[in-house]
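Chains D and Y are the protein sequences, given in the same order.
Just so it is clear: in the first sequence, position 139 is 139 by full-length UniProt numbering, and no numbers are missing.
Just so it is clear: in the second sequence, position 283 is 283 by full-length UniProt numbering, and no numbers are missing.
A few of these clues could be false.
[As the list claims (entries may be wrong)] Across the chosen pairs, the derived CB separations fall in these ranges: (1) D/8 to Y/31: 42 to 50 Å; (2) D/57 to Y/4: 28 to 36 Å; (3) D/332 to Y/137: 55 to 63 Å; (4) Y/41 to D/234: 30 to 38 Å.
No lab work stands behind these hints, which were simulated from the structure alone.
Glycine included, each C-beta is placed from N, C-alpha and C at the ideal position.
In case you want the letters, here they are:
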Amino acid sequence: MDLQEFRAGLDGWLDEHGPELVPPHGPGVTLDAEMEHLSKVKRLTYEAGWMRWGWPERVGGLGGSTLMRAYLGEALASRDLIEPGIYSMTEVLAPTMIEFARPALAAEMVPRLLRGDETWCQGFSEPSTGSNLGSLACRARPDGDDWVVSGQKVWTSLAQYADRCVLLTRTGSPESGHRGITALFVDMDSPGITVRPIQAMHGRDEFCEVFFDEVRVPGDRTLGEVDGGWAVAMDLLPYERSTSLWHRGAFLRQRLEHLLASPPGEALDPADLGEAAQLAFAFHARSRATQYRMAGGERLGPETSVDKVLLATTEQAVYDLVADAAAADVALGDDPDGARWRTEFLYSRAATIYGGSAEIQRNIIARRLLDLGVDR
Amino acid sequence: MIDAETAELLAHSLRRAFEKGGAASADAALDEVGWCEALAAEGISVVPLLFAEQGAANAASGALDDLMTAMLGVPPGRGTAFVLPEFGGGVMPGSVRNGDLAVRGLGTARMAAAEHAVVVTEEHRAAVVETASLRIRPVEGIDPRLGLAKVEGAGLPAAGARATDAGWTEALAAGRLALASEAAGASRTMLRLAREHAVTRVQFGRPIGSFQAVRHRLAECLVAIEGAEAALAAAVEMADGEWPARVPPVPAAIAKALAGRHARTVARHCQQVLAGVGFTDEHDFHHHFRRVLALDGLLGDARTLTRELGAELLRTRRLPAVPPL
Chain D
1 MDLQEFRAGL DGWLDEHGPE LVPPHGPGVT LDAEMEHLSK VKRLTYEAGW MRWGWPERVG
61 GLGGSTLMRA YLGEALASRD LIEPGIYSMT EVLAPTMIEF ARPALAAEMV PRLLRGDETW
121 CQGFSEPSTG SNLGSLACRA RPDGDDWVVS GQKVWTSLAQ YADRCVLLTR TGSPESGHRG
181 ITALFVDMDS PGITVRPIQA MHGRDEFCEV FFDEVRVPGD RTLGEVDGGW AVAMDLLPYE
241 RSTSLWHRGA FLRQRLEHLL ASPPGEALDP ADLGEAAQLA FAFHARSRAT QYRMAGGERL
301 GPETSVDKVL LATTEQAVYD LVADAAAADV ALGDDPDGAR WRTEFLYSRA ATIYGGSAEI
361 QRNIIARRLL DLGVDR
Chain Y
1 MIDAETAELL AHSLRRAFEK GGAASADAAL DEVGWCEALA AEGISVVPLL FAEQGAANAA
61 SGALDDLMTA MLGVPPGRGT AFVLPEFGGG VMPGSVRNGD LAVRGLGTAR MAAAEHAVVV
121 TEEHRAAVVE TASLRIRPVE GIDPRLGLAK VEGAGLPAAG ARATDAGWTE ALAAGRLALA
181 SEAAGASRTM LRLAREHAVT RVQFGRPIGS FQAVRHRLAE CLVAIEGAEA ALAAAVEMAD
241 GEWPARVPPV PAAIAKALAG RHARTVARHC QQVLAGVGFT DEHDFHHHFR RVLALDGLLG
301 DARTLTRELG AELLRTRRLP AVPPL
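Bound conformation, chain D alone:
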């Protein structure tokens, strides 16, 4: 299957099945309901085959170009059938499993994620380890063939729903920095794990604190090399800034078009609107090139930090427009549209914080792309 066939087939399928996939919206819709809807979208698209294209056959995929994955998320987001923040976690976690898990483990687990049977989370940040990932402290000590994990993670998206966690742990000495980190694939129902959702300011409690108290993890759940977790993380982070961002870009375009077509659109300032549309165009162009590089087998690296800065800038420009043009809806609207603009506007403030803050992306650009040397 090539992209053109895939596009035509998927578009036709969505024309027919789109109505079944429409998500619930409105102030009363809980994250539980959104997660249930996401599983349904993943299951139906998996069963129809669309979700399987672009993934290797050894993990339940049907092979072919990764552009099909990019297009699937784009098509779903453009039709407002998914929220890409929760949908696109697959794009970050599945490639990591495929690259670093034992082949049998990847073959067993990845289809569950693609099909929406399971939710996974990514245990990276800690209370004392935000931007400085190399300083993480959550400890894994060997015990026979197992690891025993103790420590805490924070900002773990969807941990309260997660069946598994890609977890970064400290296996070297506390001072070992990025050299003493090991990645583990942890069952979230293991004894000793406590999850506490964090109430977020936009009213959608998708981030959590996760506590590990002497949690036993089998040794064969190690991802990559022991003390080689930094490589796993470095491999994963560019994925966070490629296909996921493409999906988010499609979502932003759809929201901007919705704004344009709805009554508040009449109050848009032409200069501000023009600038936001230009930014969205530039991001689309940049991320599109990234999708092609990835599909061509190129290893993604620090240049994806440019994509992230462009996306965050675009996202905040779009919602600044919303806040200006639909000020009353954002401030007071209690109808589904108003409540949604408010939630999304508030969430857009995090675009320069999550997934590596704007400052971290600029540090990466300065060091790795501009070759300015170390920063101290």
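With chain D held as given, fit chain Y onto it using these hints.
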């Protein structure tokens, strides 16, 4: 579409062509490189290549005249200049009243030495007039090295080849892609100069490029440049390979606006990083700063193009088309 190897060869020849300095020698060198032939053979895909090199080198030539002229179906060449709209705008510089042609616009560095000038009128006619019949006044202005001239004329013969409406729209779009590339090239050079300064200038016992305040400014510059270049590449891709190419006007205007606005961002950060030395006449920075300010005003400035885009979107209630995946 030009292949990578040919593109590299052409870029190399162009870099050498622009090293010599002076519009006349640049034009002679462009003849040697075969710029007009490359345009006819490879279409719009060679435009970013040439103009990015020209911008990076702070060179001036008649390449824009050739591009605009050829886009209107008039044979280009060193003897033929093109009358650009007045500074800031994108309105045709010619008008016909009672059978007489009046002209009010700008010329590039080629204008003074050319024998003929192409004038597009409000009626979408492309008239070829003798430059001897025009008042051509060199303007030093913000960027003396660019060699702009004010061009005025009245009572000229209005007979000329008819250009279609699309002809001007598309010539304008092609010109905007060229100027966007040139601004991006100049931006790249400003960033290179600022980076070189940041890694060599030592204060408080370490290179200033080790301070985050400086690093983030330079990172911001790279993001600005790469964002503009991505939009430009998409706009070029949306043009077809035929010659004269069909160039979609909206993406071209987006690319021009982004390149113009982002070039100012780059200039602001680079000048701050270069600090005192960047304020001297001796340092090259100011030539590039001057250039991006001047380029922004040719064929529609960022402010005007951005407002026009917004107004257009409010009218259509749709976002501009993007290249599909």
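**Request:** Evaluate the given range 28 to 36 Å for the C-beta pair formed by residue 57 of chain D and residue 4 of chain Y.
**Result:** 32 Å, holds
**Asked** Holds or violated: 42 to 50 Å for the Cβ distance of residue 8 of chain D and residue 31 of chain Y?
**Response** For residue 8 of chain D and residue 31 of chain Y the Cβ distance comes to about 48 Å; the hint holds.
**Message:** Between the beta carbons of residue 41 of chain Y and residue 234 of chain D, is the distance compatible with 30 to 38 Å?
**Reply:** 44 Å, violated
**Request:** Using the Cβ atoms, figure out if residue 332 of chain D sits within 55 to 63 Å of residue 137 of chain Y.
**Result:** 59 Å, holds
Hint 4 alone, counting from the list given before, is not met by this structure.
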